[in-house]
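Work out the full structure: start from the sequences and follow the hints.
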Amino acid sequence: MTVATPEVVAEKRELAGINADYKEKFGFHDPETGYAYKAPKGLSREVVESISEYKDEPRWMRDFRLKALEHFEARPTPTWGGNLGQIDFDDIHYFVRASETNSRDWSEVPEDIKNTFDRLGIPEAERKFLSGVGAQYESEVVYHQVNEKLEAQGVIFTDMDTALREHEDLLRQYWATIIPANDNKLAALNSAVWSGGSFVYVPAGVKVEMPLQAYFRINTENMGQFERTLIIAEEGSEVHYIEGCTAPVYSSDSLHSAVVEIVAKPSARVRYTTVQNWSQNVYNLVTKRAVVHEKATMEWVDCNLGSKLTMKYPSIYLLGPEAHGEILSIAFAGAGQHQDAGGKIIHAAPRTSSSIFSKSISKDGGRATYRGLLEVANGATEARSKVVCDALLLDENSRSDTYPTIRIDENDADVGHEATVSKIGDEQLFYLQSRGLSEEEASKMIVNGFIEPVTKELPMEYAVELNRLIELQMEGSIG
Amino acid sequence: MPDTTGTSIPVCPLAALAPGQMRLVEHEGRKIGVFNCAGTLYAIEDRCSHDDGPLAEGEFDAEACTVECPRHGSLFDLTTGRPKTLPAYAPVQTFPIAVEDDTIVLEVE
Numbered sequence: 042m043t044v045a046t047p048e049v050v051a052e053k054r055e056l057a058g059i060n061a062d063y064k065e066k067f068g069f070h071d072p073e074t075g076y077a078y079k080a081p082k083g084l085s086r087e088v089v090e091s092i093s094e095y096k097d098e099p100r101w102m103r104d105f106r107l108k109a110l111e112h113f114e115a116r117p118t119p120t121w122g123g124n125l126g127q128i129d130f131d132d133i134h135y136f137v138r139a140s141e142t143n144s145r146d147w148s149e150v151p152e153d154i155k156n157t158f159d160r161l162g163i164p165e166a167e168r169k170f171l172s173g174v175g176a177q178y179e180s181e182v183v184y185h186q187v188n189e190k191l192e193a194q195g196v197i198f199t200d201m202d203t204a205l206r207e208h209e210d211l212l213r214q215y216w217a218t219i220i221p222a223n224d225n226k227l228a229a230l231n232s233a234v235w236s237g238g239s240f241v242y243v244p245a246g247v248k249v250e251m252p253l254q255a256y257f258r259i260n261t262e263n264m265g266q267f268e269r270t271l272i273i274a275e276e277g278s279e280v281h282y283i284e285g286c287t288a289p290v291y292s293s294d295s296l297h298s299a300v301v302e303i304v305a306k307p308s309a310r311v312r313y314t315t316v317q318n319w320s321q322n323v324y325n326l327v328t329k330r331a332v333v334h335e336k337a338t339m340e341w342v343d344c345n346l347g348s349k350l351t352m353k354y355p356s357i358y359l360l361g362p363e364a365h366g367e368i369l370s371i372a373f374a375g376a377g378q379h380q381d382a383g384g385k386i387i388h389a390a391p392r393t394s395s396s397i398f399s400k401s402i403s404k405d406g407g408r409a410t411y412r413g414l415l416e417v418a419n420g421a422t423e424a425r426s427k428v429v430c431d432a433l434l435l436d437e438n439s440r441s442d443t444y445p446t447i448r449i450d451e452n453d454a455d456v457g458h459e460a461t462v463s464k465i466g467d468e469q470l471f472y473l474q475s476r477g478l479s480e481e482e483a484s485k486m487i488v489n490g491f492i493e494p495v496t497k498e499l500p501m502e503y504a505v506e507l508n509r510l511i512e513l514q515m516e517g518s519i520g
Numbered sequence: 008m009p010d011t012t013g014t015s016i017p018v019c020p021l022a023a024l025a026p027g028q029m030r031l032v033e034h035e036g037r038k039i040g041v042f043n044c045a046g047t048l049y050a051i052e053d054r055c056s057h058d059d060g061p062l063a064e065g066e067f068d069a070e071a072c073t074v075e076c077p078r079h080g081s082l083f084d085l086t087t088g089r090p091k092t093l094p095a096y097a098p099v100q101t102f103p104i105a106v107e108d109d110t111i112v113l114e115v116e
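So the protein sequences, as listed, match chains A and B. For the first sequence, the positions run 42 to 520 when the working numbering is used. For the second sequence, the positions run 8 to 116 when the working numbering is used.
One thing to keep in mind: the hints can contain errors.
[Said to hold, decoys possible] Okay, derived cross-link-like pairs now, BS3-like style, lysine-lysine, Cα gap no bigger than 27 Å in a straight line:
# : chain 1 : residue 1 : chain 2 : residue 2
1 : B       : Lys-91    : A       : Lys-108
2 : A       : Lys-108   : A       : Lys-79
3 : A       : Lys-336   : B       : Lys-91
Bear in mind the hints are in silico, worked out from the structure with no lab data behind them. Being a predicted model, the structure only gives us computed values, none of them experimental.
What follows is the structure, encoded as structure tokens:
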């Protein structure tokens, strides 16, 4: 909880100066002068072949893309979840290369792009508290750097295109084994036109103390960004990967459809944190899945603040005995937004444990949906799980939906489910106002308290950033 | 586990199922796919363990001896019935298969 000390008041004044609104802070766009390549709008076999050819990929990857395209074309657009009917797949640029270079030195990054990431604070963050950084601009990664000590220990943190060139055998061993191209329509689309994303390999026993971060930026109008991330944590290793994303504010829609695959080997520990802050003209349709082996732990920390529509349900397959999974999901839906988020956990081995904590906030007519699955398979004896979904509605026009599915095929499972929907109460506001806070400050404080179980799991810098973003979203919501 | 004490079902003449081909057999309401992987025969239940998809209708890779579920893309090893990719994680049932007098014979419980 924030207290209105002089420091906090000063910080708020400072914040008001820096972050007037999304449009100024994140919603700017750069001129497209000097772009290396921009595919024409629309999706076809020729576009897919040209992406593969442009990247000089091996034959198997080209074939994988073309087969995925067939899956995409054969599948109908999903009619559940959010409204996808307005997406015009023919009105999207599927591949845009802004720069010919992928550099390990900021000074070599083209000026416009460098300025963008400077404004977003990426180089500063790297210096302060990260083990490695990747920055993707449009379809490709323009900057990638990893701590030399980690490299010496065998840690690989690079963009996916480079990984395909330099670590092909390792990549191919896991590629699309967690999320096959035909898993769903959007995964098929990503598989056909993927570009960029991160490849992370952590050798057995290596603990990456500071997080690795990737930052994704869309600049072009009517752009599709389709990065692909694969994280392999070998036995006993540990890694925390953080991703953030923003885009300019445009009147027409863009599409972001990522695929993220994670393998946590026995006793490994992986945490994957997302702070999603796309502009409100971006459809964010992402497939994320992790397999967790014996005594390993997987944690998804998923914060959805931006986008027009997000459909994202990070999944965890607990395949080894005593594996553990956690999903912390926070969704903030403002005017014109639909956050359809949640998570899936499948217990497929004995003595596995898990938890899903979902917090959603809806305001100004926004819609937040929790959609989740908890499954205890036959043979997953002594499974334990807890699912908690809390929704906060800030006004009468907003909407919250909860679709929890729980399937249990074992007799001795210990599963709990709690759900609450609440509104900010007049009494709570009155009490806080009687302590000297304005109505707006009181509302912010209540919201911050509501999401505190999630923010306390974030590294401090990200918790501060998330609170700031929420405060920005809250601006003008009262009165 | 395969049940070796069950009923013998004649499938077809061996010559009628060339390498790279699959034949669907129905027995008491249950469908079983019989696959010829480069001369070696395998049989698995025609039901994906993920969401009951018609497995035998999927793409059969005779060289790798796998079949891909047409519904969500799980790839199954025909020699063991185990999935090699998600979203399926449980194996499908396999059945013993033999050739008797140039006829392929399936053993079901």
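**Message:** Run through the hints listed earlier and report the numbers of any the structure violates, in increasing order.
**Reply:** none
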